[in-house]
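Undergrad: Listed below are the residues making up each chain.
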Amino acid sequence: RKEVEQDPGPFNVPEGATVAFNCTYSNSASQSFFWYRQDCRKEPKLLMSVYSSGNEDGRFTAQLNRASQYISLLIRDSKLSDSATYLCVVNINTNAGKSTFGDGTTLTVKP
Amino acid sequence: DAGVIQSPRHEVTEMGQEVTLRCKPISGHDYLFWYRQTMMRGLELLIYFNNNVPIDDSGMPEDRFSAKMPNASFSTLKIQPSEPRDSAVYFCASSRTGEYSPLHFGNGTRLTVT
Numbered sequence: 001r002k003e004v005e006q007d008p009g010p011f012n013v014p015e016g017a018t019v020a021f022n023c024t025y026s027n028s029a030s031q032s033f034f035w036y037r038q039d040c041r042k043e044p045k046l047l048m049s050v051y052s053s054g055n056e057d058g059r060f061t062a063q064l065n066r067a068s069q070y071i072s073l074l075i076r077d078s079k080l081s082d083s084a085t086y087l088c089v090v091n092i093n094t095n096a097g098k099s100t101f102g103d104g105t106t107l108t109v110k111p
Numbered sequence: 001d002a003g004v005i006q007s008p009r010h011e012v013t014e015m016g017q018e019v020t021l022r023c024k025p026i027s028g029h030d031y032l033f034w035y036r037q038t039m040m041r042g043l044e045l046l047i048y049f050n051n052n053v054p055i056d057d058s059g060m061p062e063d064r065f066s067a068k069m070p071n072a073s074f075s076t077l078k079i080q081p082s083e084p085r086d087s088a089v090y091f092c093a094s095s096r097t098g099e100y101s102p103l104h105f106g107n108g109t110r111l112t113v114t
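So the sequences go chain by chain: A and B.
Residues in the first sequence are numbered consecutively from 1, following the numbering used here.
Residues in the second sequence are numbered consecutively from 1, following the numbering used here.
These are calculated hints, taken from the structure and not from any lab test.
Values in this document were obtained by computation on a predicted structure and should not be read as measured data.
Wrong hints could be hidden among the right ones.
[Unchecked claim] No more than 27 Å apart at the CA atoms, straight line, and that leaves these computed lysine-lysine pairs for DSSO-like:
hint: 1; chain 1: A; residue 1: K2; chain 2: B; residue 2: K24
hint: 2; chain 1: A; residue 1: K42; chain 2: B; residue 2: K24
hint: 3; chain 1: B; residue 1: K78; chain 2: A; residue 2: K98
hint: 4; chain 1: A; residue 1: K79; chain 2: A; residue 2: K2
hint: 5; chain 1: A; residue 1: K98; chain 2: A; residue 2: K2
hint: 6; chain 1: A; residue 1: K98; chain 2: B; residue 2: K24
hint: 7; chain 1: A; residue 1: K45; chain 2: B; residue 2: K24
For reference, chain B alone in the conformation it holds in the complex (with noise of 0.2 Å):
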C-alpha cells in the first residue's frame, strides 16, 4: 500500500498564479478530502468528495479554489489566482466506508505565495 500520495512537496509561486496541487488516494477508499493547515487556523476541511461526487465544499474559502476528482484514483485542488494568504500545508486524504474508518493523509503539499 503506497499511501496517499501528493505532488508537489513545496510549491512557491508569486501572487497571481495559477497553482495546482494533486492528490491520488488509497485504491480501494472511496471518500477523499482537502485540508488545510495553518498555526492561525489549525486543520481546515475545504471540501469532500465521495466516489468522485464533491459532497460538501462549503470550507472552500472563495470562488478562486476549484477541486475536482476525475476519477477514483486522482484528484486537484487549484487555486487561481492565488494570494499571500493562501500560504499554508494543504493535505489530501482519503478513507473508506466503514465504521471507524480513519483518515489517511499525505505528506501534503507546503504552498508559499509571495
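Just chain A, same shape as in the assembly (with noise of 0.2 Å):
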C-alpha cells in the first residue's frame, strides 16, 4: 500500500462546478499536511498546508481527519485556471524534514 493515495481522476467539470479531492495517509505518525499544486511540465507549487481545524483560502478548503486519516480539497466556482494537478503532501514531522507526495488528482475545467 503507498503511503500516500490519491484518486487519479482525471476530473473533467464545468466552469462554477465544485469538485472535492481526498487523499488518505497509512503513517499514523504523520504530522503536517499540504496541497500543492502543478501545471503540465511545470514544478509543483504550494497551494495551501492544511492545518488540525480545517482552513480556507478563498475559494480553496482543506479538510484533516486525523483518525480515518485523510485530507481534502474543496474548490468551489472552479476556473479554467484551476486545470491542474493536484498532489497531497504528507510529512511525519513539522519541521520540514522528508515530505511523502501522492500521485496527484489531474482536474481539468471545461467552459
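Quick one: dock chain against chain with the hints and give me the complex.
TA: In C-alpha cells:
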C-alpha cells in the first residue's frame, strides 16, 4: 500500500462547479499536511497547508481527519485556470524534513 | 528572492555518459531535496540534506546515482553511467526549518538518455 494515496481522476468539470479531492495516508504519526498544485511540465507549487481545524483560502477549503487518516481539498466556483494536477503531501515532522507526495489528481475545468 | 535555481533545464545524453545536475537553493534554507518525476512512478524523493549533511538517501536508485552538497548554496546530483530508464524530470527543492515550512521547487531538469 502506498504511503499517500489519491484518486488519479481525471476530474472533468464545467466552470463554476464545486469539486472535491480526497487523499489518504497510512502513517498515523504524520504531523503536517499540504496540497500542492502542478501545471503541465512545470514544478509543483504550494497551494495551501492543511491545519487540524481546517482552513480556507478564497475558493479553496482544506480539511484534515486524523481519525480516518485523510485530507480533502474543496474547490468552489472552479475556473479554467484551476486546471492542473493537485498533489497531496504528508510529512512525518512539522519542521520540514522528508515529504511524501501522492501521485496527484488531475482536474480539467471546461468552459 | 531568486527561487531555487537548477541547471541545465534540458539534458540529452547517450547511454553510458555521465550526467551532472546542479541546484542552488534559496538563501537561508537549511533543507535541500532531490526528487525525480516520471509518469509511471510519480514524484519520488531521492535524497535530502540538512545543513549540507545527507540525512536520507534511501530513495537513491542504485550506486550509479550520487549527490553532494559541498556548501549551503550548491548541490549536485550525478548519474554515472546513465541509462535510458533514468530519463525523467529531476527537481531540486529547498525549505527552512519551521512549522509547516513548504517546499520550494526549482524548474527542474528534463533528462533524456538515449
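Undergrad: It remains to establish, for every hint, whether it holds in the given structure.
TA: Right, here's what the structure says about each hint:
{"no.": "1", "hint": "A:K2 <-> B:K24", "in the structure": "violated, 31 Å"}
{"no.": "2", "hint": "A:K42 <-> B:K24", "in the structure": "holds, 18 Å"}
{"no.": "3", "hint": "B:K78 <-> A:K98", "in the structure": "holds, 21 Å"}
{"no.": "4", "hint": "A:K79 <-> A:K2", "in the structure": "violated, 31 Å"}
{"no.": "5", "hint": "A:K98 <-> A:K2", "in the structure": "holds, 15 Å"}
{"no.": "6", "hint": "A:K98 <-> B:K24", "in the structure": "holds, 19 Å"}
{"no.": "7", "hint": "A:K45 <-> B:K24", "in the structure": "holds, 17 Å"}
The structure shown violates the earlier hints numbered 1, 4.
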